[in-house]
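Asks: Sequence:
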Amino acid sequence: MADGLRLDKWLWFARFFKTRGLAQKAIEDGLVTVGGRAVGKVAQAVRVGDVVCFPAGRRFRQVQVVALGGRRGPAAEAQGLYADEVFVELPL
Numbered sequence: 001m002a003d004g005l006r007l008d009k010w011l012w013f014a015r016f017f018k019t020r021g022l023a024q025k026a027i028e029d030g031l032v033t034v035g036g037r038a039v040g041k042v043a044q045a046v047r048v049g050d051v052v053c054f055p056a057g058r059r060f061r062q063v064q065v066v067a068l069g070g071r072r073g074p075a076a077e078a079q080g081l082y083a084d085e086v087f088v089e090l091p092l
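Each residue of the sequence shown is one higher than the last, beginning at 1 in full-length UniProt numbering.
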């Protein structure tokens, strides 16, 4: 997996989830998609250019992977791992 990174790690590195365990749970529950397809495995590789959609509070957030990263760094570093695309509001 030299050209990719585990999806759960990337979501955690990018600071979308407080723990890898929470990222893994969202993936296992079918709430995370990559390229429009539901992901069933937490170890699925994510690559630069992939579009990832996941729950963020009462909405879904869609981002494009810009970099993979090598650690869970500060917020400024994490923001360099993705480009925001869309927020989808959930009905009340």
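Do not rely on the hints blindly, as some may be mistaken.
[As the list claims (entries may be wrong)] When the alpha-carbon atoms are kept at most 25 Å apart in a straight line, the in silico BS3-like pairs for lysine-lysine are as follows: (1) K41 with K18; (2) K41 with K25; (3) K9 with K41; (4) K9 with K25.
The hints are simulated quantities; they were obtained by calculation from the structure and are not laboratory data.
Asks: Please go over all the hints and tell whether each is borne out by the structure.
Replies: Do the hints match the structure? See the list:
no., hint, verdict
1, K41 with K18, "19 Å, holds"
2, K41 with K25, "10 Å, holds"
3, K9 with K41, "12 Å, holds"
4, K9 with K25, "12 Å, holds"
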